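Visitor: Here's the letter readout for the chains.
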Amino acid sequence: MLGSLRALGRRPVRTSLTVLGVAVGFAAYVGISASATGFVARFNGILAATGAEVTVQQAGVGFPVLSRIAVGDLGRIRASARARSVSAVVAQVTRLTNNNQLPVFGVSPTDPVAGLFLPKEGRPLSSGVALLGRAAAASAGVGVGGTIEVLPGRRMPVAGIYESAYGFLDGGCVLDLADAQRLFEMDGFASLVLVKLDDPSHASEAIAAIDRDLPHLHASVSELFFNGYRELELVDRFARFLALAALVVSALGVANTLGMNVVERTQELAILRAVGWSRWRIAGTVLAEGALLAGAGALLGLGPAWVFVRATGAAGLQHLAAPRPSAEILLGGAAIVLLAGLAGSLPAIGHLFRTRPSAALRAP
Amino acid sequence: MRAVLRGLLRRRARTLPAMAGVAIGYGAYLVLVSSATDVSRRFGARVASTGAEMAVRQAGVGMAILSRIRAADVPRIGEVAQARWVSGVLVQITRLPNGVQMPVFGVDPGDPVADLFTLDSGRRLPPASREALLGRSLASARGRPPGSRIEVLPGHAYPVRGVFASGNAFLDGGCALELAEAQRLFGMEGFVSLVLVKLRDPARLPEAIAAVRRELPHLHATASELYFTGFNELEAVEGYARALGVAALAVSVLGVASVLARNVAERREELAILRAVGWSRARVAGTVLAEGFALAALGGAAGLFSAWLFLRVASAAGLSPWLPPEISAGLVLEGAALLAFSVGVGCVPALLRSWGTQPASELR
Numbered sequence: 001m002l003g004s005l006r007a008l009g010r011r012p013v014r015t016s017l018t019v020l021g022v023a024v025g026f027a028a029y030v031g032i033s034a035s036a037t038g039f040v041a042r043f044n045g046i047l048a049a050t051g052a053e054v055t056v057q058q059a060g061v062g063f064p065v066l067s068r069i070a071v072g073d074l075g076r077i078r079a080s081a082r083a084r085s086v087s088a089v090v091a092q093v094t095r096l097t098n099n100n101q102l103p104v105f106g107v108s109p110t111d112p113v114a115g116l117f118l119p120k121e122g123r124p125l126s127s128g129v130a131l132l133g134r135a136a137a138a139s140a141g142v143g144v145g146g147t148i149e150v151l152p153g154r155r156m157p158v159a160g161i162y163e164s165a166y167g168f169l170d171g172g173c174v175l176d177l178a179d180a181q182r183l184f185e186m187d188g189f190a191s192l193v194l195v196k197l198d199d200p201s202h203a204s205e206a207i208a209a210i211d212r213d214l215p216h217l218h219a220s221v222s223e224l225f226f227n228g229y230r231e232l233e234l235v236d237r238f239a240r241f242l243a244l245a246a247l248v249v250s251a252l253g254v255a256n257t258l259g260m261n262v263v264e265r266t267q268e269l270a271i272l273r274a275v276g277w278s279r280w281r282i283a284g285t286v287l288a289e290g291a292l293l294a295g296a297g298a299l300l301g302l303g304p305a306w307v308f309v310r311a312t313g314a315a316g317l318q319h320l321a322a323p324r325p326s327a328e329i330l331l332g333g334a335a336i337v338l339l340a341g342l343a344g345s346l347p348a349i350g351h352l353f354r355t356r357p358s359a360a361l362r363a364p
Numbered sequence: 001m002r003a004v005l006r007g008l009l010r011r012r013a014r015t016l017p018a019m020a021g022v023a024i025g026y027g028a029y030l031v032l033v034s035s036a037t038d039v040s041r042r043f044g045a046r047v048a049s050t051g052a053e054m055a056v057r058q059a060g061v062g063m064a065i066l067s068r069i070r071a072a073d074v075p076r077i078g079e080v081a082q083a084r085w086v087s088g089v090l091v092q093i094t095r096l097p098n099g100v101q102m103p104v105f106g107v108d109p110g111d112p113v114a115d116l117f118t119l120d121s122g123r124r125l126p127p128a129s130r131e132a133l134l135g136r137s138l139a140s141a142r143g144r145p146p147g148s149r150i151e152v153l154p155g156h157a158y159p160v161r162g163v164f165a166s167g168n169a170f171l172d173g174g175c176a177l178e179l180a181e182a183q184r185l186f187g188m189e190g191f192v193s194l195v196l197v198k199l200r201d202p203a204r205l206p207e208a209i210a211a212v213r214r215e216l217p218h219l220h221a222t223a224s225e226l227y228f229t230g231f232n233e234l235e236a237v238e239g240y241a242r243a244l245g246v247a248a249l250a251v252s253v254l255g256v257a258s259v260l261a262r263n264v265a266e267r268r269e270e271l272a273i274l275r276a277v278g279w280s281r282a283r284v285a286g287t288v289l290a291e292g293f294a295l296a297a298l299g300g301a302a303g304l305f306s307a308w309l310f311l312r313v314a315s316a317a318g319l320s321p322w323l324p325p326e327i328s329a330g331l332v333l334e335g336a337a338l339l340a341f342s343v344g345v346g347c348v349p350a351l352l353r354s355w356g357t358q359p360a361s362e363l364r
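Chains as they are written, first to last, in the working numbering: chain R, 1 to 364; chain V, 1 to 364.
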């Protein structure tokens, strides 16, 4: 390892450029992954976090915010699904005066789903007030005791601030269900119905019963609700493709650097072979160089990646981006960068294996 | 130039990865920026293509699709704006069984805006019709010619009366119903989503916008082509894509810088001879720059082709409403200028090295 470090240190310009390239690639990978991939999983996660096993929306609508379920259907959903409880939720999206989107939820304060919006500051949800997510409060520049204009001309006092690991919730606002229904002219309607079952293992039977008895509605397992949203899947694939492209370019840089290093050191490596080092041992030092370049690049890329994700939130996408890169993304990115670094070593190792010590030592 | 190309080809193992890096970087820049740039203008162009100078939606909604304007407000808008005609249009999005979104438009067949749905086959919608017109791409993707039926919402199938070809990808991927029928279907009786206004005197557009905003403050009036401006998330996506594109270019240029630095290091003696036979420092530096720009040009050409191919494939895969069908010449030039600038900066280490070449000491 020390030898690999020394070899890299001998060419500081080349090494720095490569590490910089890997760092930018890693930052791009983490930034893209945190903000533009995993929409389906993140939105599904919100519904799963409500504790309801089944989620119901109007059948055939393009987005949940377009769904309208008559409140009169709640009793029938409960009976069909043999549910322990059903919760009506209004979900809409408005726009702050600074033109950032503001997701708005309407829930009954006594409903278990209100547990998602427990305030860190201020009072719990009640009629006539709003609770803001931390990111929404920052975006609107409002705190407890202030007011928020949920729709033009419709100001509500901010009673509390809640925090959520889900950007869509943290960048949003919650109102009492009846207030939200009035505000959005949805009296007698909900956007979604969350169904808590007595026996969670009966979710598929409950879904089949709702779909059969109430064909104008569409029920699905909460944690799979957004599966099949083609546009979300396409964005996800596109982003993953871009993220990988960034890493491929980084790997090309590593391959280039290692290739040059090995070519330059052909005679030195031939001497090592001549004094008894095996090919594999020498290949190990090249692999170590690749891993070091990749590791250093990933470490250096952590800062820019963090800035990238924060900038995404600050740019008005706080409700769509993950509030911070998950450990899974960071570790996944580091693992892929490392693999890319090792893959980048392969052409150099190939050259190494093709070169015979006797020929290399005869070279001028 | 031939010597430059020969020099690059001599080190194919080094040149090709660097060129591939530039191709990926430049291609990614073109795809990202062309997809995300002017999204609001491109979407606005769809509204402007109706021929109306002004468009009105509900103020404060987070998504244009969530706008609800009382039908009673439509003639009032016409009066306030001194319009030649006003059209209330309903826009909703449903989801086909395969998970793909389907825009649905509700229009009054007697309105001028109905002319947008230029018939390709079949017949126009008569007043009070309970039939549908399908966009050409939707009809062809779903195999629904005139005479067949389309299920707009589950349990609500309509006979297909005709197929239209508007030339607008968003419209052509959707379906049009008679306004009253669409209002019934989506529970929006007495509401429209969007009001299009054709002015008697188009030069009075700013006054008309100001008048609507003053007299009907619950509505938001804009010039048609600016209908989607001020949606921060669209503008943030543009900034985000540009940042990613520049990062991709930067990583690829680091590869070029590394290759050039290495090439110069290897050719110190050759460059010293050139200096010794009378070449000026600037002329030697020119060959180094030429190598850098030749690498960038070859990689850039490959990147341009890849980006063009990617957009064609994406368009064929049904992403066309969101992706531009082609890359503008302006963007190609902008990317090329950025690439050239980055390569110029990337050449600096190699140039410094070549500049510092001392013929006497190198030749010793």
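Note that these hints are calculated values from the structure, not bench results. Predicted, not measured: the structure shown is a model, and the values here were computed from it. Don't be surprised by glycine CBs; every beta carbon is placed ideally from N, CA and C. Be aware that a few hints might be false.
As the list claims (entries may be wrong) - A partial selection of chain R residues facing chain V, derived with a Cβ cut-off under 7 Å:
| # | residue |
| --- | --- |
| 1 | R155 |
| 2 | G228 |
| 3 | A245 |
Unchecked claim - Short, incomplete list of chain R residues facing chain V, as computed with Cβ under 8 Å:
| # | residue |
| --- | --- |
| 4 | R10 |
| 5 | V24 |
| 6 | V40 |
| 7 | R95 |
| 8 | S108 |
| 9 | P109 |
| 10 | M156 |
| 11 | P157 |
| 12 | S201 |
| 13 | A246 |
| 14 | S250 |
| 15 | L252 |
Visitor: Against this structure, judge whether each hint is valid.
Guide: Hints, one by one, checked against the model:
{"no.": "1", "hint": "R155", "in the structure": "violated (12 Å)"}
{"no.": "2", "hint": "G228", "in the structure": "holds (4 Å)"}
{"no.": "3", "hint": "A245", "in the structure": "holds (5 Å)"}
{"no.": "4", "hint": "R10", "in the structure": "violated (12 Å)"}
{"no.": "5", "hint": "V24", "in the structure": "holds (5 Å)"}
{"no.": "6", "hint": "V40", "in the structure": "violated (11 Å)"}
{"no.": "7", "hint": "R95", "in the structure": "holds (5 Å)"}
{"no.": "8", "hint": "S108", "in the structure": "violated (22 Å)"}
{"no.": "9", "hint": "P109", "in the structure": "violated (23 Å)"}
{"no.": "10", "hint": "M156", "in the structure": "violated (13 Å)"}
{"no.": "11", "hint": "P157", "in the structure": "violated (18 Å)"}
{"no.": "12", "hint": "S201", "in the structure": "violated (27 Å)"}
{"no.": "13", "hint": "A246", "in the structure": "holds (6 Å)"}
{"no.": "14", "hint": "S250", "in the structure": "holds (6 Å)"}
{"no.": "15", "hint": "L252", "in the structure": "holds (4 Å)"}
The earlier numbered hints that this structure contradicts are 1, 4, 6, 8, 9, 10, 11 and 12.
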